[in-house]
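Asks: Protein chains in written order, with the numbering used here: chain P, 1 to 798; chain H, 799 to 976.
These are computed hints drawn from the structure, not numbers from a lab. Just so it is clear, the structure is predicted and the values come from calculations on it, not from any experiment. Ideal Cβ positions, reconstructed from N, Cα and C, are used throughout, including at glycine. Hints may contain errors.
Derived DSSO-like pairs: lysine-lysine, alpha-carbon spacing no greater than 27 Å straight-line [what the hints assert, rightly or not]:
{"#": "1", "chain 1": "H", "residue 1": "Lys870", "chain 2": "P", "residue 2": "Lys606"}
{"#": "2", "chain 1": "H", "residue 1": "Lys947", "chain 2": "P", "residue 2": "Lys546"}
{"#": "3", "chain 1": "P", "residue 1": "Lys620", "chain 2": "H", "residue 2": "Lys870"}
{"#": "4", "chain 1": "P", "residue 1": "Lys582", "chain 2": "H", "residue 2": "Lys947"}
{"#": "5", "chain 1": "P", "residue 1": "Lys569", "chain 2": "H", "residue 2": "Lys947"}
{"#": "6", "chain 1": "P", "residue 1": "Lys398", "chain 2": "H", "residue 2": "Lys947"}
{"#": "7", "chain 1": "H", "residue 1": "Lys969", "chain 2": "P", "residue 2": "Lys441"}
{"#": "8", "chain 1": "H", "residue 1": "Lys969", "chain 2": "P", "residue 2": "Lys428"}
{"#": "9", "chain 1": "H", "residue 1": "Lys850", "chain 2": "H", "residue 2": "Lys825"}
{"#": "10", "chain 1": "H", "residue 1": "Lys825", "chain 2": "P", "residue 2": "Lys546"}
On the chain P side, residues computed to face chain H include the following (Cβ under 10 Å) [as the list claims (entries may be wrong)]:
{"#": "11", "residue": "Thr147"}
{"#": "12", "residue": "Ser150"}
{"#": "13", "residue": "Pro152"}
{"#": "14", "residue": "Gly156"}
{"#": "15", "residue": "Asn160"}
{"#": "16", "residue": "Gly164"}
{"#": "17", "residue": "Gly168"}
{"#": "18", "residue": "Gly179"}
{"#": "19", "residue": "Gly184"}
{"#": "20", "residue": "Glu190"}
{"#": "21", "residue": "Gln286"}
{"#": "22", "residue": "Ala394"}
{"#": "23", "residue": "Gly401"}
{"#": "24", "residue": "Gly406"}
{"#": "25", "residue": "Asp559"}
{"#": "26", "residue": "Arg759"}
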Amino acid sequence: MSLSRRGFIKTSILGSAAAATATSPLSATELFSKVEKIPHAGHFGAFYAHVQDGKMIDITPHESDKNPGALTKALMDRTYSNTRIKYPYVRKSYLEGKKDNAKLRGSDTFVRVSWEKAAKLIADKIKATPRENIYNATYSGWSHPGTVHSCPALCGKFFNLAKGGAVGTYGEYSNGAAGPTNPGIVGDMEVYSLQTAHEQILENCEVYVMWGADLFKTNKIDYAVANRKNDEYYFKYKKSNIKFISIDPIMTETAKMFDAQWIKIRPNTDVAMMLGMMHHLYTTNQYDKAFVEKYTDGFDKFLPYLLGKTDNTPKTPAWAAKISAVPEDVIKSLADTFVKNKTFLAGNWAMQRAQYGEQADWGLITLAAMIGQIGTPGGGFGFSMHYSGGGQAAAGAKMPGGFAQGRNRVGTSLPASRISEAILNPGKEIDYKGNKITYPKIELMYIAGCNIVGHHPDTNELINALKTLDTFVVQEPWWTPTAKMGDIVLPASVTLERNDIAYGGSYSGDYIYAMRKVVDNPFEAKGDYEIFSLLAKEFGDDVYQKFTGGKSELEHIKDFYEASDGVKKKSFDEFWESGFVKFDPPKEAYKFVRHRDFRKDPVANKLSTESGKIQIFSQKYADYGYSHFKGHVMWFEPAEYLGSKEVSKFPLHVLSPHPTFRLHSQMDNVWIKNAYKIANREPVRINPKDAAKHGIKNGDIVEVFNDRGALLAGAVVTEDVMEGVIAIEEGAWYNPENLDAPGKSRCNSGHVNVLTSSRPSSQMAQATTANTTLAGIRKATGKLVPNQAYSLPKLSHS
Amino acid sequence: MRFLTIISMVVWALSAQAAQYINLDGKLALEVDNATIYSGTPVEVLENSDGKAKVKITGFLNEDGDILFATKNKKVALIKSSKDKVEALDEGKGSVTVLVDESLLEEDLETAWDPNIDEFYNTCTQCHAANEPHLHTMLEWDSLYGSMKEFARPTPEQDEMILRFLRSFAKDGFLAFP
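Based on the sequences and whatever the hints tell you, model everything.
Replies: Take a look at the structure:
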């Protein structure tokens, strides 16, 4: 699409008028300074930034955002936040080379240095450190969806070129347990795979089970660019005749929206409930024998366990009721409902972020197999209906790629969740997915666009681990809790201060977006591409040339665009001018049913599993010989849950669900927090009975504590959380009450990972178990100091 | 001096007998001597003359007896030829001898597989770091790669190059990742 000059002027006038109306009724200034409308995009959606006199004055949504919200609007606040890192800094005692300076990490003064000095310091350290002792902790691409400034791709590429690699990360936090386990069961990770189309659910589903899935809340954001198109479908869901059931310790926003039947279940006991249902389906002869015979393998090896022949414990509904607190008759009745109706089981990711989390999806898949509706429209299971627009039809177009990291010649990586343990225990050997890993000695850690102090469990353990490093480099736009722990801190620009390219949504893949630069950075922040290019230069011309390819930011954007299907629709110049390219999904995409081909012909379309079928029993997994991960789904009692004896000391199960108003820790530093925080601290939801038991009233500042740490939070007394459970959404910025004692002091901000455990899921996946956490609660007493999570550290500019 | 000459001759003789690999510079397969030979295939060089090499390929035979595979599960093809060129061996194996240009031979395993290695790392490290191929079995790679490739949308040729690489160097593959 090209604009004539006349058209351009007309558009500008309309755009300006709209912006002026949106921002100020006094639009006379428009006569003197034009308002420019610049296309951009982020994990919260695509939008236009309105700029006047070099300053962003408003954000309005792009047509692809079907339910624009405050998160996008608040990007303006985040750009101009006081928490921005303005210059490169080095921690004072580190810069001075003082002995034991690492002990001051997190409480020292930062000294402003030049970019040249910071880059040289970093390069010299990297050159002097063997690559086996460098940890590239830049993890995942959640910082932003741009592919040119992608922190993980750039950081990986830089280390691979400059050093031949560095220690990396295996797996992930989101799906650490299910991701590696599901392929052996159903031949696919499932957690990121294309989901059955909403159209098929709406036409065919009779019972929709949200097993821990909070569809509305978590679909607000996308790993690519969010479109919130699911919200349009939710209107249709609401009007449909589908019966919604929510099995969850929390009455979610989605469950309320759909008037769902709420089944309150003790956290971490879902597998027991699933087994109870399976036992009922088997003993009442309701399970789908034909499906099990034709499409699964190893039911005969699972059955003795289900019936209690191997451990004298039949997994009856009564047995499951004792563990899960879901009444026996409810378990039976739900199983009856599921098997008698076209039932879709929408799983979630939270229940596998628990000890023995490998069992969660395996349990749901086995239950779905016994129900026998896998591969039917409106039936079966899905593990991603809550994520990145799951259920939307795929356009099938090739989206723009990004930088390849290349080969990392360091053979060792650390499973996500094991970072603290690895740093503190070099040389220790652990099991992992049938292999052995020996922890390397980590001396230098580099992290870009990633808040490890936010997402890693057991914050105090992590901080104490970070204090043992020789060097910690942090590249960030904001003074996050991780940046405050750094030795060398590099100021990165925000996406609005540079050009990039992105696509969305993750599943629909129906838009390519220009992330055009909106404003200049007023300080010394640089784009991530520029920062890594600068570092690459320190390693010689050859590395620099290979890193940059001799191309500018915009040239790379053009390359990535021209390698996509976008060019079939618009030339690069047209795309860049208009800001987007749209693709329409083909009609058949709206008919997609997960596993339909397998159901239609399980021989021709066999799964990539041992038998080509669903492994109810896996010999491969059994042969691993692990104590808490066997050949079929099993119930293992977690170390911390409401049925364990630790309840006498710590009576409440702590859940740390995805935040309602953030993307993990992103946007904790914007005005939105004023709408939901209590005295500037993260809310903790607590049931009225528990609140009464502990003498807590709505709005009280409370201390939540266990043996790993303590935090201060604001009490929200609500029936939306079942008795015995408290919920603190993850992502609040950590702030030690005593600023000189990070890692020891209680958190004044309500950062839940101060409480969570870093114990691994099992020998299999070594995944995070944040949702296996017990704690106590009491009303906070004494003088409370203000939360300083959003304050700057001590800075020296002399 | 004489001692060094002898040493040099021994080294030369050993290197001449070392396994060599078909290097097709990024092509997946090539028609040679009435057969289709696949990139990265290990060969035994029987003789060289006039820029040509007579090479022997040994592998597991398919049911039709015209394709040799690197492993028993028949996931990585080495060569496809007419049945009459195949010499049947024990344990379901067979061998084929063909004449190829010497320029197709590469002694260094990594160089021979470079195009596949590049294709994998170029395609699969844009969104995340890649696990090394020997960390997973062929079946696991089929599953993991199958889960993710919809995001990268490789062409059919890229897809085959990547899968061939992953399966060949997998935990139960037939080559050790260099």
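Asks: Each hint: holds or not?
Replies: Here is what the structure says about each hint:
A threshold of 27 Å between alpha carbons decides the hint, and for Lys870(H) with Lys606(P) the separation of about 19 Å falls inside it, so the pair holds. About 26 Å separates the Cα atoms of Lys947(H) and Lys546(P), which keeps this hinted pair within 27 Å; it holds. Our distance criterion of 27 Å between C-alpha atoms is met by Lys620(P) and Lys870(H), whose separation comes to about 18 Å. Restraint check for Lys582(P) and Lys947(H): satisfied, since their Cα atoms lie roughly 22 Å apart, inside the 27 Å limit.
Distance hint between Lys569(P) and Lys947(H) is fulfilled; the C-alpha atoms sit about 23 Å from each other, no more than 27 Å. A hinted pair counts as satisfied when its Cα atoms are at most 27 Å apart, and Lys398(P) with Lys947(H) qualifies at roughly 11 Å. For the given pair, Lys969(H) sits about 26 Å from Lys441(P) by alpha-carbon distance, which is consistent with the 27 Å threshold. A C-alpha spacing of about 23 Å is found between Lys969(H) and Lys428(P), which places the hinted pair at or below 27 Å, so the restraint holds.
Taking the CA atoms of Lys850(H) and Lys825(H), the gap is about 20 Å. The hint holds against a cut of 27 Å. The straight-line distance between the Cα atoms of Lys825(H) and Lys546(P) is roughly 24 Å, inside the 27 Å bound, and the hint therefore holds. Checking Thr147(P) against chain H by beta carbon gives a least distance of about 7 Å; that is within 10 Å, so the hint holds. Interface hint status for Ser150(P): upheld, as the beta-carbon distance to the closest one in chain H is roughly 8 Å, under 10 Å.
Because the smallest distance between the Cβ of Pro152(P) and any Cβ of chain H comes to about 7 Å, under 10 Å, the interface hint for this residue holds. Because the beta carbon of Gly156(P) sits about 5 Å from the nearest beta carbon in chain H, less than 10 Å, this interface hint is met. Hint status for Asn160(P) relative to chain H: holds, with the closest Cβ pair at about 9 Å, below 10 Å. Proximity of Gly164(P) to chain H is violated relative to the hint, the smallest CB-CB distance being about 13 Å (cut-off 10 Å).
Using the Cβ-Cβ criterion of 10 Å, the hint placing Gly168(P) at the interface with chain H is satisfied: the shortest such distance is roughly 5 Å. Nearest Cβ of chain H to the Cβ of Gly179(P): about 9 Å, under the 10 Å cut. The hint holds. The beta carbon of Gly184(P) comes within 7 Å of a beta carbon in chain H, closer than 10 Å, and the hint placing it at the interface holds. This hint holds: Glu190(P) has a C-beta 7 Å from the nearest C-beta of chain H, less than the 10 Å allowed.
Among the interface hints, the one on Gln286(P) is violated; its C-beta lies about 31 Å from the nearest C-beta in chain H, farther than the 10 Å criterion. With a least beta-carbon distance of about 8 Å to chain H, the hint placing Ala394(P) at the interface is held under the 10 Å criterion. At about 5 Å, the closest approach between the beta carbon of Gly401(P) and any beta carbon in chain H falls short of 10 Å, and the interface hint on this residue holds. Interface restraint check: Gly406(P) against chain H, minimum CB-CB distance 5 Å, threshold 10 Å, status holds.
Hint status for Asp559(P): violated, given a least beta-carbon distance of 13 Å to chain H, over 10 Å. Interface restraint check: Arg759(P) against chain H, minimum CB-CB distance 24 Å, threshold 10 Å, status violated.
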